[in-house]
Amino acid sequence: MIPLHWYLIVAGALFCLGLYGILARRNAVAILMSIELVLNSVNLNLVAFWRYLAPETVNGQMFAIIVFAVAAAEAAVGLGLIISIYRNRQTVIVEDINLLKW
Amino acid sequence: MNLELFVWLIPLPPLLAFFIILLFTRGNKRLSDIVAIASIVLTWVLSLVVFFSVLGIEHFGETVIESAVTWLPLGPTAETSFRMGVLVDPLTAVLLFFVPLTATMIFIYSSGYMASGHYWTAVIPSEEHESPEAHGAEAHAAESDNGHGHDAEVLVDDFGQKVTRFDATAWKARFMAFISLFAAGMLILTVADNLLALFAGWEIMGFCSYALISFWHNRVYPNQPKRITPNIAGIKAFMTTRAADVVMLLGIVWLWSYTGTLNFREILYDPETLAALANPAFPNLGIGLSVGGAIGLLLFAGTVGKSAQFPLHTWLPDAMEGPTPVSAMIHAATMVSAGVYMIIRMFPLLTVGFDGHTFTPTMIVIATIGAFTALFAATIALAQRDIKKVLAYSTISQLGYMVAAVGIGAYVAAAFHLMTHAIFKALLFMGSGSVIHAMEHGEEHAHEHGHHFPLDFDAQDMFNMGGLWRRIPATAWTFLIGGLALAGFPFVTAGFWSKDEILADAWAHAPIVFVVLAIAAFLTAFYTMRQIGLTFAGEPRTAAAEEATQTDWRMNLPLIVLAFFSIIAGWIGIPVGFLGLDGIFRANRFHDFVAGSLLEHPETLQFNWIPLITSIVVALAGLGLGWLMYVRRPLRAGEEDPLLRVLGPFYNLFANKYYIDEAYDFLFVRPSQWFARNVSYLLIDRGIIDGIIHFIARSTEWWALRNKDFDTYVVNGGADEVVEGIGGLSNAFKYVQSGRLQQYLAVVLTGVLMLAGIFIWAIFLR
Chain A
1 MIPLHWYLIV AGALFCLGLY GILARRNAVA ILMSIELVLN SVNLNLVAFW RYLAPETVNG
61 QMFAIIVFAV AAAEAAVGLG LIISIYRNRQ TVIVEDINLL KW
Chain B
1 MNLELFVWLI PLPPLLAFFI ILLFTRGNKR LSDIVAIASI VLTWVLSLVV FFSVLGIEHF
61 GETVIESAVT WLPLGPTAET SFRMGVLVDP LTAVLLFFVP LTATMIFIYS SGYMASGHYW
121 TAVIPSEEHE SPEAHGAEAH AAESDNGHGH DAEVLVDDFG QKVTRFDATA WKARFMAFIS
181 LFAAGMLILT VADNLLALFA GWEIMGFCSY ALISFWHNRV YPNQPKRITP NIAGIKAFMT
241 TRAADVVMLL GIVWLWSYTG TLNFREILYD PETLAALANP AFPNLGIGLS VGGAIGLLLF
301 AGTVGKSAQF PLHTWLPDAM EGPTPVSAMI HAATMVSAGV YMIIRMFPLL TVGFDGHTFT
361 PTMIVIATIG AFTALFAATI ALAQRDIKKV LAYSTISQLG YMVAAVGIGA YVAAAFHLMT
421 HAIFKALLFM GSGSVIHAME HGEEHAHEHG HHFPLDFDAQ DMFNMGGLWR RIPATAWTFL
481 IGGLALAGFP FVTAGFWSKD EILADAWAHA PIVFVVLAIA AFLTAFYTMR QIGLTFAGEP
541 RTAAAEEATQ TDWRMNLPLI VLAFFSIIAG WIGIPVGFLG LDGIFRANRF HDFVAGSLLE
601 HPETLQFNWI PLITSIVVAL AGLGLGWLMY VRRPLRAGEE DPLLRVLGPF YNLFANKYYI
661 DEAYDFLFVR PSQWFARNVS YLLIDRGIID GIIHFIARST EWWALRNKDF DTYVVNGGAD
721 EVVEGIGGLS NAFKYVQSGR LQQYLAVVLT GVLMLAGIFI WAIFLR
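Going down the list, the sequences are from chains A and B.
Mapping the first sequence onto the numbering used here, position 30 (from 1) lands on 30, and the numbers just tick up by one.
Mapping the second sequence onto the numbering used here, position 225 (from 1) lands on 225, and the numbers just tick up by one.
Worth flagging that the hints you see were computed from the coordinates, not collected in a lab.
Careful, some of the hints might be misleading.
What the hints assert, rightly or not - Covered by chain B, per the in silico footprint, the following chain A stretches (three or more residues, Cβ under 8 Å): (1) 54–61; (2) 89–99.
Unchecked claim - Pair ranges (Cβ atoms, derived): (3) Ala-54/A with Gln-742/B: 21 to 29 Å; (4) Gly-12/A with Val-723/B: 47 to 55 Å; (5) Thr-750/B with Thr-57/A: 32 to 40 Å; (6) Thr-750/B with Ala-54/A: 32 to 40 Å; (7) Gln-61/A with Gly-725/B: 58 to 66 Å; (8) Met-33/A with Ala-746/B: 25 to 33 Å; (9) Ile-758/B with Gly-12/A: 47 to 55 Å; (10) Ala-746/B with Gly-12/A: 18 to 26 Å; (11) Tyr-20/A with Val-714/B: 51 to 59 Å; (12) Met-33/A with Gly-725/B: 44 to 52 Å; (13) Val-29/A with Ile-758/B: 34 to 42 Å.
Unchecked claim - Some but not every residue of chain B turned toward chain A, in silico, with C-beta under 8 Å: (14) Leu-274; (15) Lys-734; (16) Tyr-735; (17) Gln-737; (18) Gly-739; (19) Arg-740; (20) Gln-742; (21) Leu-745; (22) Ala-746; (23) Thr-750.
C-beta atoms are modelled at their ideal positions from N, C-alpha and C, and glycine is treated no differently.
Let the hints inform the model, and build the full structure from the sequences given.
Below, the structure written as structure tokens:
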């Protein structure tokens, strides 16, 4: 089998990419997509650890599925928020949504 | 029957009357009268009980009534504490006889005297704009009401002073209160067993003399700008006696520090103390003055003031400004007697070292002052116009007799003359008061009949009187009896016996004093008859005298009682071996009784014809000469005094009292006033003391302002700075909250990384 840490590195790389996307993308939908990327990297991490350390249990799989569900729900809510914001401010660029400041 | 308790109680009723009248009955004149008279009668009864009880005691003098309480616990034992209390020895008993007697008579007289009268008072500018009707409508009869319901009129005298009549009876309750206090003071002095209590009574009387002399304090004399007014006279009396009292207090202090006690029995009746007091006071000076003698001189200074001896006699004639009962009380019965009583009491101290023949320096001083004063005052009395002034100088002269008697060692004679003088001088003063009242009533009656009197009409001026024998006979007879007693009319008057005894003693021991006193006796008899002649004899010289009347029984009764005593009081002192008369009353009971007060009984004098003949001759000669000049051919209206031709330039010298008042004014009064105004007031009080206070105030104010600045700039300012600083800091930091989501997330990421780093470092790398 391929070593575990190859999976972890990939997951880590995906996490960093996602993190960069959260921090650096202008479009709110793109940030949501980056959040999905981060969550998926976490899933990958979970499954990798499950497969290599305790494959006889179902813990890893269960956790990954819950994460998926939460990610989906959260994406739905996030999109709803973005639509609402767009209706009010005519923009989805997060830099411009800065009323809650000093 | 507890005699000691009675003695303690004797001064109490008048003292209580003082407080009761001032606190409760001040508005009710009749009730005040009753309170005052009841109190003095009670005291009189108590005194007589004590007096008659001690008459029956064998060897009274060795045994006395004494009772004391611890006043100041000065040390650990009862021996060292200062005790005060009462003492009744023969001398005290004599005073207890005549003081309450004369006081009671004076109280009764006062309630009659103070029931009528008016005098001039100055109109205060603020009051004169009110209408007289408004004044009359006021509840209390005072200011502008002349007592007859007429509207008050304001008159202007020649010097521009506005005057109006004032009711002299307005303050009668206050008068009764003050004479009650006065009587209480005298009685405290009488029953005291130590010098300090005596001094307390002394000072009470000093204050009351001020209060009573200036009783009519708002009285003015129109058209007489040089005449002393009552308020100034009161101050003069108080100041003069006070100055003397300071010296007396020094004597008391010296006595206390030398002997450790002020109790009379312990000092005067104790041979060891007396022997210690005979030590020389100033051995280096070699003047033979013993400690007792020196202390005696200091104490004598108090008597010089209180009993108006030269040179401190000036207050007594001006004290005639007080109402006449005051003059009777103060200048006959009590206060001046207190001065003489004190030196009689302290006789063993004053005469310590006296062996019966050579006089000590102290005695020489006392006798000289006494004899000089007796003659000096008698000469002044010759030329006086005012009826009360004659009596005032007469009192000074008679006190000089008593003082001289003490000075030559005539203990009993001095006490005897003290008693008789109090009685007949009180009688004479009250008689003169009746005369003055009669003249004032005559003035009012004449005024009603349309007669006009000048503004400065003096009802007391004898040259305005005349012919009063027919108008007021009761007063005239009693005044005559009193006058004869004063002159020393032989055998039937008390004054003769007491004066004769002094002259006999002087003849035996000090012939110079005898000569001086004999001349003074001649002058006394003369001016007495002059006074009687001018007042009562002949025809009335003014309209006031024509219509003079006096009917108040309260004024006549005391005169009669005292006239009675003026006659009989002398007979208890008839000397031994006197023409067989000594068999009537047991020979010289007075001498034997009073002599018991002293440790060594004074010798009884051998009977001698010379002083007896001298006193009879001078008395009759003086009376006769006065009769010739003033009664056989009485003075008519407008005539000048015949004495003016006889005395020539001396008349004015006597009439102006040797100009001593003017000299004192120049030497003492004006410098004191200058000092008081410029040094005490302007320099010390306003300059230094107020200066210090103002300086403190300004410094405190300056310090307060600096505190305020501190508060404003440092405290408040500092707080404001802090607040602004925080605000500034906040202003700077607010930009962190930019509202940009991705920035927030970046910060969170940074924080998480830092925490992770710390975590890893703490757990894994340490």
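| Given Arg-740/B as an interface hint, is the shortest Cβ-Cβ distance to chain A below 8 Å? | 5 Å, holds
| task | For the range 51 to 59 Å, tell me whether the beta carbons of Tyr-20/A and Val-714/B fit it or not. | result | 56 Å, holds
| Quick one, is the Gln-742/B hint okay against chain A at 8 Å, beta carbons? | With a minimum Cβ separation of about 5 Å from chain A (threshold 8 Å), the hint on Gln-742/B holds.
| task | Against chain A, run the beta carbon of Gln-737/B and see if the smallest gap drops under 8 Å. | result | 5 Å, holds
| task | Look at the Cβ atoms of Ala-54/A and Gln-742/B and judge whether their distance stays inside 21 to 29 Å. | result | 38 Å, violated
| request: With 47 to 55 Å as the target window, see if Gly-12/A and Val-723/B comply at their CB atoms. | output: 50 Å, holds
| said: Verify the CB-CB distance for Ala-746/B and Gly-12/A against the hinted window 18 to 26 Å. | reply: 19 Å, holds
| query | Against chain A, is Gly-739/B within 8 Å by beta-carbon distance? | reply | 3 Å, holds
| field | Hint check, Lys-734/B versus chain A [nearest Cβ-Cβ separation less than 8 Å] | value | 4 Å, holds
| field | Satisfaction of the Thr-750/B interface hint, Cβ to chain A closer than 8 Å | value | 11 Å, violated
| task | Examine the region 89–99 of chain A for residues whose CB is less than 8 Å from any CB of chain B, and state whether their number is three or more. | result | holds (count 5)
| query | Range hint 32 to 40 Å: satisfied by the CB atoms of Thr-750/B and Thr-57/A? | reply | Since the Cβ atoms of Thr-750/B and Thr-57/A sit about 37 Å apart, the hinted range of 32 to 40 Å holds.
Of the numbered hints stated above, those contradicted by the structure are hints 1, 3, 8, 9, 14 and 23, listed in ascending order.
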